[in-house]
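K.L.:
When you get a sec, could you build the whole thing from the sequences and use the hints?
Mapped onto the working numbering, the consecutive letters of the sequence shown carry residue numbers 255 to 528.
Among these hints, one or two may not hold up.
With a straight-line cut-off of 27 Å between C-alpha atoms, the simulated DSSO-like cross-links for lysine-lysine are [said to hold, decoys possible]:
id: 1; residue 1: K441; residue 2: K527
id: 2; residue 1: K372; residue 2: K441
id: 3; residue 1: K519; residue 2: K372
id: 4; residue 1: K441; residue 2: K362
id: 5; residue 1: K369; residue 2: K286
id: 6; residue 1: K372; residue 2: K362
id: 7; residue 1: K441; residue 2: K519
id: 8; residue 1: K527; residue 2: K362
id: 9; residue 1: K520; residue 2: K372
id: 10; residue 1: K362; residue 2: K519
id: 11; residue 1: K362; residue 2: K520
id: 12; residue 1: K362; residue 2: K286
id: 13; residue 1: K286; residue 2: K372
id: 14; residue 1: K520; residue 2: K441
id: 15; residue 1: K441; residue 2: K474
id: 16; residue 1: K520; residue 2: K369
id: 17; residue 1: K372; residue 2: K527
id: 18; residue 1: K519; residue 2: K369
id: 19; residue 1: K369; residue 2: K527
Quick list of the computed label-pair ranges, beta carbon to beta carbon [said to hold, decoys possible]:
id: 20; residue 1: V461; residue 2: Y408; range: 16 to 22 Å
id: 21; residue 1: R367; residue 2: E495; range: 49 to 55 Å
id: 22; residue 1: I399; residue 2: E521; range: 45 to 51 Å
id: 23; residue 1: S371; residue 2: A467; range: 41 to 47 Å
id: 24; residue 1: A316; residue 2: Y408; range: 23 to 29 Å
id: 25; residue 1: G491; residue 2: V392; range: 19 to 25 Å
id: 26; residue 1: F436; residue 2: Y408; range: 41 to 47 Å
id: 27; residue 1: M364; residue 2: K519; range: 20 to 26 Å
id: 28; residue 1: M454; residue 2: E495; range: 19 to 25 Å
Hints were generated in silico from the structure; no laboratory data involved.
Backbone N, C-alpha and C define an ideal beta-carbon position, used for all residues, glycine too.
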Amino acid sequence: MICRVKTGTNKVKEFFTKKSGEEYRQYLFAMKQLVSREVKRKYARSYLGIVWSVLNPLMSMAVLSMIFSTIFKRSIENFPIYYLTGSIFWNLFSGATNSAMTALVDNKGMLMRVKLSKQTFVAARMLTALTNFGYTCVAYACMLIIFRVRPNPYMLLFPIVVVFMMLFSAGIGFMLSVFYVFFADVKYLYSVLLTLWMYMSAVFYPVDRLSGAMQWVIRKNPVYNYIEFARDIVLYGIMPEPVLWLKVISWGSISFAAGYWIFHKKENLVMQKL
Numbered sequence: 255m256i257c258r259v260k261t262g263t264n265k266v267k268e269f270f271t272k273k274s275g276e277e278y279r280q281y282l283f284a285m286k287q288l289v290s291r292e293v294k295r296k297y298a299r300s301y302l303g304i305v306w307s308v309l310n311p312l313m314s315m316a317v318l319s320m321i322f323s324t325i326f327k328r329s330i331e332n333f334p335i336y337y338l339t340g341s342i343f344w345n346l347f348s349g350a351t352n353s354a355m356t357a358l359v360d361n362k363g364m365l366m367r368v369k370l371s372k373q374t375f376v377a378a379r380m381l382t383a384l385t386n387f388g389y390t391c392v393a394y395a396c397m398l399i400i401f402r403v404r405p406n407p408y409m410l411l412f413p414i415v416v417v418f419m420m421l422f423s424a425g426i427g428f429m430l431s432v433f434y435v436f437f438a439d440v441k442y443l444y445s446v447l448l449t450l451w452m453y454m455s456a457v458f459y460p461v462d463r464l465s466g467a468m469q470w471v472i473r474k475n476p477v478y479n480y481i482e483f484a485r486d487i488v489l490y491g492i493m494p495e496p497v498l499w500l501k502v503i504s505w506g507s508i509s510f511a512a513g514y515w516i517f518h519k520k521e522n523l524v525m526q527k528l
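P.N.:
As structure tokens, then:
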């Protein structure tokens, strides 16, 4: 058992092993091309194209603000920003994991022809989701100005929570990409799970109004931890509590390590199945 854990740890370390200059340039070029292809494919039949990455969260915010701002007026300060903060992080997570799930199957032809590591295709999907998140943050920044959210020094921690959210999402994405190769129904099961997961992430309602047991469950939810961290530093202008820091770092690190270990453990079987 100890040997297996050490082997898994070594494989995770290999992900960060320094490549030679030529390999590194080839890897970056391949990643850039894959991400560009994914972005173009996503908006191929759209006239507005990537503008939808900006418009979509804004339209959702407008609709839900009209519906829920009155209901939660006394419970949630600045509801539009409260919702938008939760929404962009939820969309980052769901978009990244959903797209990563089918990365290996969708790129079966390239996996057979091109000499690229299999995790490259999953990583490209993750970077595509991060790129879309970047465009969404443009709209988010504009809304912060419009709703007069004052800048504060804790906002500088925003990239940190994004990094650990991406690590958490990558871990889930690596696992899903392997599971999907062997069991295609995972895609439909995961869509159901995501619906439940979203409602358990307090994207648009206050956790404090729930019963004690339900509050406990939601506060154990990794995605909610990232959303809560982001709300603390952006909306409320406070330093997140040490316990929340620990959760954010731990979930991201453990998820990535476990997902990458499973991915490499099943790597050869994946190629046989494809």
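K.L.:
Just to be careful, I want the Cα atoms of K362 and K286 compared with a cutoff of 27 Å; is the pair within it?
P.N.:
Roughly 19 Å separates the two Cα atoms, so the pair holds.
K.L.:
Would the pair K520 and K372 pass a check requiring their Cα atoms to be no farther apart than 27 Å?
P.N.:
11 Å, holds
K.L.:
CA of K441 to CA of K527, is that 27 Å or under?
P.N.:
17 Å, holds
K.L.:
Hinted pair, alpha-carbon criterion (27 Å max): K286, K372. Please report holds or violated.
P.N.:
Status holds; Cα separation ~15 Å.
K.L.:
Quick check: does the Cβ-Cβ distance between I399 and E521 fall within 45 to 51 Å?
P.N.:
47 Å, holds
K.L.:
For the pair supplied as a hint, K527 and K362, is the alpha-carbon distance within the 27 Å limit?
P.N.:
Judged against 27 Å, a Cα distance of about 10 Å means the pair holds.
K.L.:
Go ahead and decide if the range 49 to 55 Å is satisfied by the Cβ distance of R367 to E495.
P.N.:
With Cβ atoms ~50 Å apart, the hint holds.
K.L.:
When you check the alpha-carbon spacing of K362 and K520, does it fall within 27 Å?
P.N.:
Satisfied, since the Cα-Cα distance of roughly 16 Å is no more than 27 Å.
K.L.:
Hey, K372 versus K527, does the alpha-carbon distance stay inside 27 Å?
P.N.:
Since the Cα atoms of K372 and K527 sit roughly 14 Å apart, the hinted pair holds (cutoff 27 Å).
K.L.:
K372 and K362: Cα distance at most 27 Å?
P.N.:
10 Å, holds
K.L.:
Is K369 close enough to K527, meaning Cα to Cα at most 27 Å?
P.N.:
18 Å, holds
K.L.:
Taking 27 Å as the top limit, are the C-alpha atoms of K520 and K369 close enough?
P.N.:
Within the cut-off at roughly 18 Å; holds.
Consistency note: the structure conflicts with none of the earlier hints.
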